[in-house]
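Colleague: What follows is the residue order along each chain.
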Amino acid sequence: MFRNRRGAGWTALIAAAVLAAGACGTSGPAGGGAAGEIRAWTLQGDAVNKVERDGVTAFNKSGGTDVRLETFLNDPYKQKLQVAMGAPNAPDVFINWGGGHLKQYVDAGQVADLTAEFQKDPAWLNSFLPSVMKTAQLGGKYYGVPERGMQPIVLFYNKDVFAAAGALPPKTWDDVLKLVDTFKGRKITPFALAGSQGWTELMWLEYLLDRVGGPAKFQAIMNGTAGAWNDPAVLRSLTMIRQLVDRGAFGTGFGSVDYDVGGASTLFATGKAAMHLMGSWEYATQLGQNPDFVKKGRMGWVPFPAVAGGAGDPRNIVGNPTNFYSVSAKTKDKAAAVRFLKETMTSDAYVQGMIGVGEIPAIKGLEPKLRGGPDAAYSTFIYSMVSGAPEFTQSWDQALTPSVSEALLTNLQKLFLKEIDPGEFAAAMGKAK
Amino acid sequence: MRQRPGAVWAAPALAFFAVFAVAPLALVAVLSFTAWNGLGSPQWAGTANWTRMGEDAALPGSLRLSLILTAAAWCVQTPVSLLLGVWAAGRGRGRAALSAVFFVPLLMSNAAVALLWQSLLDPNFGLADLVGPLLLARDGDILGEPSRALAAVVLVVSWQFVPFHVLLYQAGARQIPEVLYDAAAIDGAGRVRRFFSITLPQLRYTVVSSTVLILVGSFTYFETILLMTGGGPGTATRVLPLHMYLTGFSAFEMGYASALAVLLVVVGTALSIVIVRTTGFASMRSRREGM
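As they're listed, the protein sequences go chains S and H. Sequential numbering from 1 applies to the first sequence in this note's numbering. Sequential numbering from 434 applies to the second sequence in this note's numbering.
Bound-form chain H, shown alone (with noise of 0.2 Å):
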């Protein structure tokens, strides 16, 4: 067995992990214990920022949008991703071209996605008005309603993301060895059965990476949202990190901004460790024991 290659070699991975991740960490989780509106020097507030967080109206709010939004996001993308990028995994020109067109989305920049979607929903100028009495909004207010703005946002972001995790199934579907469905064949397992018994499990290490990227994602992400609704109406899609982001450049309220931002990644931190301790991805036993 050759020697492993010795902790130099990971020095400009950390370093660079050290600086673009942890140091901005470690200044934020500082900022979060000082008042700061970005001009002069931040001010020693003691654990003020903290104890806000029990008075801030807005949060329970969010807290529950973000969760609600993460839910939504994982039931919308991970069936849609997973028969798509298994389909896409197929032979076959037509898959090819059809899988080339559906990755579209992803190469679009969050504006232009954005910008794209508040057209389309607008009631007065864009295709809401057609579509929005389909939707059972019957003036086509589909942005501007409370109710529909987040599911409006959703499928957005959904809409978005899904290529990505086709690329996910794709791949991992193409990696599952021909002969277990020859076997299955011959057994007579029908396309159901094969799905279920031998595509999934063997999938199953994908889905947890995707699960983890959508939920972690989800969590924290706010471009588009920000673009689409600016967290309105109202209050309506104001998730977390929206709230962070106009707490701190809007209000300019930094301490308190980054005492938000410490508790995102906490969350989003157990979020993923939970997913990966109880799924058993950590141990990485294989799934083709046998073969």
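So that you can see chain S by itself, here it is in the shape it has in the complex (with noise of 0.2 Å):
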């Protein structure tokens, strides 16, 4: 039975070698799209689709280029998008995160800088909100246009629960652990977490650093800063979710829930849960779950506590700032390109649109609009918090490269099981790069 097996493994090398010289024998010229098109990349969701799908039918009737719009889900894209743009095929037009998501392709040389575009016409520039622009400034120039909705994170809170305990949503640090202890001794979780998902967990991280250090502490560890994990004010943030943790503010099964299966949703809208920090979309989940809860008014927010003491000015926020439009850089029609985002991300039909499917898109004096739309209680509130926050910061799973994240994620959902205490936190976050 192995008496044949080197003859066939030489053929076999032979044959590798063959096809491995004719892959690399093989790149082609720049495929995908019929001429004079366009393909735009954006993702999944049915409603935010529409109005997208619309504004591309607006553009396609005032003649010239067409684009085509082409839909992912979220989790894949990302894989997807990476591969994509490293083969012949790349999207002209991608949606993305800013930041570090979208810092690798312009490290690589595969978007197109934007900057020339908003310096020939700074209206445009300025029709957007200047914290959720810096996002898509990477050393100095614009590579993107805001695309969707704002989504800051927010702390949610269950009306019903809380007039039942007699107790008010927190506004410090203390008011929080009061309210662990309160709603514990009434047989209800604290706080609803999709503890499955290390992002739900970061989420408190990213906050806490904030208030405590200040936007900068994670500006350094962005920037790879030598001991940046180690300043002492993460070391408190993370002592300060340990503690969390050790007073039960997030119940005892809190790692077997999943957020994208509605788990810590339905906890929080059902009643067993009194709180629920959250980016800005769980209004829109909770309206399609659980639409009694929000229509009936039992759904309150409020901004992320204040830390006494803490460097972080209290009105800063985290989360995501929007979701942009890049040009790639490898695109054979950069003109029409640039006229797409110009004539549609900002067109009244499209932010209209956008507003009604509860988006809330990061252009400048929308107020009247928002209150004129549906949800305006709410979608008043997420655009001033915005446009009142000194800084925005970027959720640090999209801020900082793959790599880090994926190292940062794991390390957190550690933290929070009490696998690793905020030293060796710490310590293995230093090592990530």
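Read the hints as simulated data drawn from the structure, not as lab findings. Some hints here could point you the wrong way.
As the list claims (entries may be wrong) - Heads up, simulated SDA-like pairs for lysine to any residue below, C-alpha to C-alpha not over 25 Å straight-line: (1) S:Lys134 - S:Asp348; (2) S:Lys431 - S:Gln219; (3) S:Lys80 - H:Ala544; (4) S:Lys418 - H:Leu492; (5) S:Lys431 - H:Thr484; (6) S:Lys433 - H:Pro493; (7) S:Lys418 - H:Pro475; (8) S:Lys78 - H:Pro475; (9) S:Lys418 - H:Pro566; (10) S:Lys272 - H:Asp572; (11) S:Lys187 - H:Pro566; (12) S:Lys272 - H:Asn543; (13) S:Lys369 - S:Lys272; (14) S:Lys103 - S:Lys134; (15) S:Lys272 - S:Gly214; (16) S:Lys80 - H:Tyr678; (17) S:Lys78 - H:Ser474; (18) S:Lys78 - H:Leu660; (19) S:Lys103 - H:Tyr678; (20) S:Lys433 - H:Trp477; (21) S:Lys295 - S:Gly224; (22) S:Lys171 - S:Trp301; (23) S:Lys431 - H:Leu696; (24) S:Lys103 - S:Asp348; (25) S:Lys187 - H:Val564; (26) S:Lys80 - S:Lys184; (27) S:Lys80 - H:Asn543; (28) S:Lys332 - S:Asp348; (29) S:Lys78 - H:Asn543; (30) S:Lys171 - S:Lys103; (31) S:Lys184 - S:Pro303; (32) S:Lys296 - S:Leu168; (33) S:Lys330 - S:Leu138; (34) S:Lys342 - S:Leu168.
If you're wondering where the values come from, they're calculated on a predicted model, not measured in any experiment.
Hints are included, so try docking the two chains, each in its own frame, into the full complex.
Modeller: Here's what the structure looks like:
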């Protein structure tokens, strides 16, 4: 049985060599898309896709190059984009999160610099909120145009549960600790937490570090400054998280709870948990999953509490500033791509459509439109929160390079599970690169 | 004796094997000496990825988890599928009907299996709240508790693959000549004696095939685990293939992920060679000599 193996091995090796040589020789022309057509990649989402399609249809009617919209699911999209950008069939326009996610494509020379376009038309640049535009700015140049709504992280609370306990939503960290004890005494989990996914836990660290040490501490981490993870402010934030876990703020079973299948949101809406720290999309999630909870006004929302003696401004926010559209450096028709972004992203119909589906675009002076739109109380709260924020720190898992965020999310899960302590966390992250 | 078929007949299969197995393997081996994040072209990195294995704190843990998963999967799957397979090989409409039912998990997609079990094991809305206390998990927290998550993964993977091995054993058991049992019955051997003295020795090669498939399969398996726990909580179910996947497609360190892939191939191949050699499977000596 083994007799012929060597011969077969040689044959296979030669075949492989031939194939490998063939593979290296095929760097064909940049393909994809019919002539006179540019492809735009965006994330799937029924309501928001309809608005995007309407925008594309309106643009295509204006004549010239047509845009073709292609949609992808959120998690596979990052992988799909990474592979496609390295291959000849890259899209002309692609959605991204700005920050570190966009930076790796910029570093690889795959993203078109839009600074000159903005300089030619300062009014265009000025129509966007500056705190959000910062995320599309890398090395002083602009690489993206805000495309969807803003997604700061908000502390949601269940009004029924608070009323029954005679409690008020927290304004300070001391309030938080008192509320944890109050709700534990009533056999209610103080905070819903989808702990099977590290990014839900990351929200706590992002806000605490901003409140305790200010945005500069994360800047240092992002710049890869030596010892940034060992900063006293980072250690203090991690210790505060550990205290919350020890105090039972998240209950005991949070490690099995998942956000994507609706676990944490349902615990919160049914009153098994009193509060939920989540991105602003939680409103839309609840509206879909538990419409009565939202429509009967039983869900409340407040900014993340202040920490006494902390260096950060309590008006600061963290989260996803927005999704951006960027133009691929390889596009055959950059002029058409830029014209599409310019004519569509700030058009009245597009902005109104976005507001209609609960997305709040990062555009200045939106209050009157929001007041007339659906869910005005919530959308004006989010809008004033972002436009009044001195700093809008991007979610760390988007801002850092993929390899560091991967290590970050894993180590954070271990911290919440008490498998490692703050010192070990800082040491492990100091090594990640 | 007829002439043996020429080598040309093997060409299509060889070409297929070369394109889909050997070439990717060779490319992975080359990539393991580069640094590449999937963008641009790979940069030569020498042996950096290989020396990094020594410093990777997560590697020994995931290797250990993989070995535990493999051993546990074998211990659970082999007895269950052997007994079920032999039972299903017997006659009777009831057995045929039940065998068909047992087969169902194999027809389900990995994603469906993972999501189904994730929902069943949900402590707040699934069955885990009821079943959990029986499994010493008072609050039904099974997938979120590091020590229990791996056990849950072993059970789900076994549930998924037992039907396939039942099929192997069923086919094997049906090949055993009836005369052996008749002779044993005349000699007064009971049911248990017949199982251990006839069925088991006759199924020897089936056991070896099934064992190789279980061991190599479990060692390289990750789809259901990725969807069910994502390697968590923490790193409690981050087996070696999952460690490789997350390094490659979450952290986008294709070079190091390729080095891990080569490690997987080497260990997996070694595992199957050792089993095949030590069990005498390679010699393919007939189990029915003198019959």
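Colleague: Which numbered hints turn out to be false for this structure?
Modeller: Of the numbered hints given earlier, those the structure breaks are 7, 12, 13, 15, 21, 24, 26, 28, 30, 34, listed in rising order.
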